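Chemist: Sequence:
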Amino acid sequence: MYKKLLAFSLTAALSACGESGSKQPPAPLACGNPAVVQNVRTNIQEIIKQEAQRFARNDTRQFIDADKIIAAATQLNVQLDGPAEENQNGRPICRANLSIQIPADILNTAQTNSPLVYGTNSSITRVVQERITGSPLTYDKGLFARPLHYTTAEADGQTTVNYEDNAITVTAQNIAGALLPYGVKSILMINGQPVRREDALNTAPQAFPDPPPADPQDILDNNAAANTFGGETTATDAPETLTPEPPRSETAFSAGELEQAKNNNQAADREINMVWNSIDQNIQKELINEQRSWIQSKNTHCRQAAAQAESSLQAEYLHLQCDTRMTRERSQYLRGYTIN
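full-length UniProt numbering numbers the first residue of the sequence shown as 1 and each following residue consecutively.
Wrong hints could be hidden among the right ones.
Listed next, with one range per pair, are the computed distances between beta-carbon atoms [said to hold, decoys possible]:
1) Asn89 <-> Leu201: 44 to 54 angstroms
2) Arg196 <-> Arg95: 47 to 57 angstroms
3) Asp199 <-> Thr338: 35 to 45 angstroms
4) Asn89 <-> Gly119: 39 to 49 angstroms
Keep in mind the hints are simulated off the structure, nothing from the lab.
Since the model is a prediction, treat every value here as computed from it, not as a measurement.
The C-beta atom is built at its ideal place from N, Cα and C for all residues, glycine as well.
Required output: the full structure, derived from the provided sequences and hints.
Modeler: Right, dumping it as structure tokens:
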């Protein structure tokens, strides 16, 4: 009897040991985590910002205001539909349908200004379609769409998103190309004379050279550098530098431009207050120190932007542009913490 009990106990122990030592199946991926959409949105905005600033630096005619494009990027409607886990080459990954819509008013302005950037014989649709031919990316009436493959990981309350390819970078670069005409300034310096944008459109404008194609290695590097949630960057990323609009003569400004800049700034302030009030009060308490640091950083950056001006009127205009852009970017970031 004793021997039988001993044999049973030993068998049970071995069985339990075998179960504990067996390989546990991996935890399901958090494909539908809201942090993924926020990560996509942050990366899209950052890449568009880089593209806009690069184009503005190479814009020999100085027609493009990068800040306008950067601000427009914060208004994009980013959606990730049908996120689900699937098996690819023996490992689980997430697949979802990414769609990014340019708001109608921004798209209409970009289409109107397009001849000043791409010439009278090319439209935004034609330019984009030529660039995306043969790729999974599609475009129709301001809507960019494509499948997106990624994986997620959870650690210390943070969600890390890793993309399987350069889909985010390529998509953002094409959106930047569509938004470029939106960045055309209200007053253009042509042959040393200030010319209203509307008057320039009524003439026969020469197309500004198309931006040089992105280096494939740059695409891969940018994609690898933007894989962490919350906009974290790698050590190889260059620090953010403000690129204020080149000084313009006083005659290049109008009361209407300054008034519009004030209205845009007030609208941005209303928007961020509305978003902040939509955040749970307990989360607000956790974010308050971060919010105060952001305000201090915004004030510092915008003072630097205004310092490039040649007059008090220009300084006010540049400060308002900077404040509006940074406030809209912050509003988009805070939306990730809202209740709805």
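Chemist: Hint by hint, say whether it matches the structure.
Modeler: Going down the list of hints, with the structure as the test:
{"no.": "1", "hint": "Asn89 <-> Leu201: 44 to 54 angstroms", "result": "holds, 52 angstroms"}
{"no.": "2", "hint": "Arg196 <-> Arg95: 47 to 57 angstroms", "result": "holds, 48 angstroms"}
{"no.": "3", "hint": "Asp199 <-> Thr338: 35 to 45 angstroms", "result": "holds, 43 angstroms"}
{"no.": "4", "hint": "Asn89 <-> Gly119: 39 to 49 angstroms", "result": "holds, 45 angstroms"}
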